[in-house]
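Quick mapping for you: the protein sequence lines, in order, are chains Z and W.
According to numbering that gives the first Met the number 0, the first sequence holds residues 0 to 292 in order.
According to numbering that gives the first Met the number 0, the second sequence holds residues 0 to 256 in order.
Read the hints as simulated data drawn from the structure, not as lab findings.
It cannot be assumed that every hint is accurate.
Unchecked claim - Below, a sample of chain W positions facing chain Z; criterion: calculated Cβ distance under 10 Å:
#1 M57
#2 N83
#3 F92
#4 G133
#5 L134
#6 A161
#7 R162
We put the CB at the ideal spot given by N, CA and C, even for glycine.
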Amino acid sequence: MISRTDLPLDHDAHARFLPWLIAFMVYLAALAVAGILVLNSTVNRWDQGISGTLTVQAMPSDGAVDVSPKVLQDARAVLSSTPGVLNVTLLDKQDTLALVEPWLGDLAGEADLPLPRLFDVVIDPDAGIDMTALGRRLAIAAPGVTVDDHRVWLDRLVRLLQTLQWIALSVVMVIFLVTIGTVVFTTRTGLAVHGEAIHVLHLIGAYDSYVARQFAGRALWLGLKGGIIGLAFAIPTLLAISYFAERMQMGAVSENGLHLYHYITIGILPFAVAFIAMFTARTTVLRTLARMP
Amino acid sequence: MSNLSNDLVVRFENVGLRYGLGPEVLQDIYFELEAGSFHFLTGASGAGKSSLMKLMYMAMRPTRGLISLFGRDVAITSRKDLPNLRRRVGVVFQEYRLLNHLSTFDNVALPLRITDTRESEVRKHVEELLAWVGLENHMKAKPATLSGGQQQRVAIARAIIARPRLLLADEPTGNVDDRMAYRLMHLFEELNRLGTTVVIATHNQQLVERLAHPVLHLDGGHLHAPTRSRDTFDSGDSDSDDDQIAMPYDPDVLNYL
């Protein structure tokens with residue numbers, strides 16, 4: 000890239016706002032990309048978590064405190080004989096009490112409350128088990144046993160997160176389009192302002208690419224400058240968001256917040272924007288000059 | 000492209016030019032310039048000299064007729080091939096058209112830099128040429144700080160720095176004193192001796208009389224057949240004046256040309 004320019008692009012008043020606009024765009028893009036990356040990690044984690052497991056619940060019959068062993072045995076038989084089921088584990092009573100302890104405390108064990116028994120079932124995610132049919136067979140073989148298919152509500156959550164991801168991606172796309180539009184506008188203004196100098200360059204034999212190279216070099220520099228300013232503001236913002244997210248115990252969504260590779264991805268943004276600005280300026284100059292006589 | 004001889008640098012055939020819907024400022028122009036020729040282009044103000052020059056340096060296209068440069072029909076030369084053709088043409092514009100934000104040095108260096116010439120070569124040639132036109136102490140000066148004559152010399156240096164095959168100069172001595180005018184004309188003749196085809200548009204009849212070159216004379220948009228300058232301007236004992244023209248310069252400075 001040439002450092003010397005034959006056109007006084009450094010003094011263009013109309014281009015002075017460009018680095019600040021790009022800084023703002025990179026700042027917004029960094030937040031949006033961070034959101035996309037965190038949501039992506041969350042969706043993958045949840046998706047993997049739910050795709051291979053199933054919970055089957057056996058309720059005690061009316062008036063009983065515990066579930067009949069026969070019901071548990073019948074339910075296990077049905078589950079074990081279902082194609083695609085890899086493992087069936089019945090949680091013992093202590094494990095079940097531990098699950099309700101946060102809500103009921105020690106009272107649950109002492110008060111002989113009728114507690115359900117739970118089967119933790121590991122399934123083959125690719126087997127395509129028909130949950131409705133399985134539920135029917137269990138209800139017939141072992142009354143009071145139901146399938147708690149957390150896929151249904153978790154799938155909805157995953158879809159919600161995926162929608163949020165698409166929205167964030169759309170925001171990033173809009174940011175890039177606005178950046179491109181701004182660079183096109185700035186470049187066209189520059190071509191008009193420096194029309195006489197460009198005409199002279201043409202008359203002495205300069206190719207359009209020679210002129211375009213000067214605009215592209217300038218756009219690259221301004222893009223890089225603006226991008227780095229934007230990133231410099233975005234990183235502390237993201238660190239602050241991560242900090243407050245941890246304080247608010249939002250681990251279910253962010254787990255450990257942004258990882259190093261997330262920051263590396265975000266760090267590429269200024270360079271990506273700068274190259275887009277450079278390419279846009281070059282294309283704009285070449286297309287505009289090609290229309291000249 | 001048929002019948003276009005490679006020995007002809009410029010060929011105009013039945014060329015006409017009008018601006019917008021106005022009358023034709025150039026009509027039925029026929030002429031040919033052979034490689035290595037030296038011509039003056041004369042005519043009263045408004046006769047069409049600058050328009051003819053603009054057609055030759057491809058700033059405009061004719062309304063009608065054929066223009067060929069270096070054997071190529073300009074009308075059918077694609078836009079992407081024009082720069083290559085223009086690089087063979089050095090132009091001294093009447094209004095100089097220097098880039099005001101660039102220094103004298105950078106203005107003169109432009110034709111070399113657009114061809115990606117090495118910066119060391121650029122520096123060597125530009126410094127030599129600027130010294131020759133007497134601007135060695137103004138290399139960093141911006142055009143706005145130079146006098147009209149100095150700007151004209153910068154424009155001339157820019158036109159010849161890349162050793163063009165065709166040099167077109169529109170009133171190149173209009174703002175310099177006689178001594179510098181002859182000095183510059185001698186530079187053009189040196190270039191001509193080295194093979195450059197030269198066309199000088201001028202009002203300076205004294206200059207035309209002193210230098211024995213053919214004259215293309217424009218009158219009301221019509222071009223008169225080339226004549227020897229001493230036929231056009233009967234100046235009597237001009238031969239004896241030639242000897243009195245002082246040109247104190249070192250010819251070696253143009254060795255790179």
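To see whether the hints hold, each was checked on the structure:
no.: 1; hint: M57; in the structure: holds, 8 Å
no.: 2; hint: N83; in the structure: holds, 7 Å
no.: 3; hint: F92; in the structure: holds, 8 Å
no.: 4; hint: G133; in the structure: violated, 22 Å
no.: 5; hint: L134; in the structure: violated, 19 Å
no.: 6; hint: A161; in the structure: holds, 8 Å
no.: 7; hint: R162; in the structure: violated, 13 Å
Consistency with the previously given hints fails for numbers 4, 5 and 7, ordered from lowest to highest.
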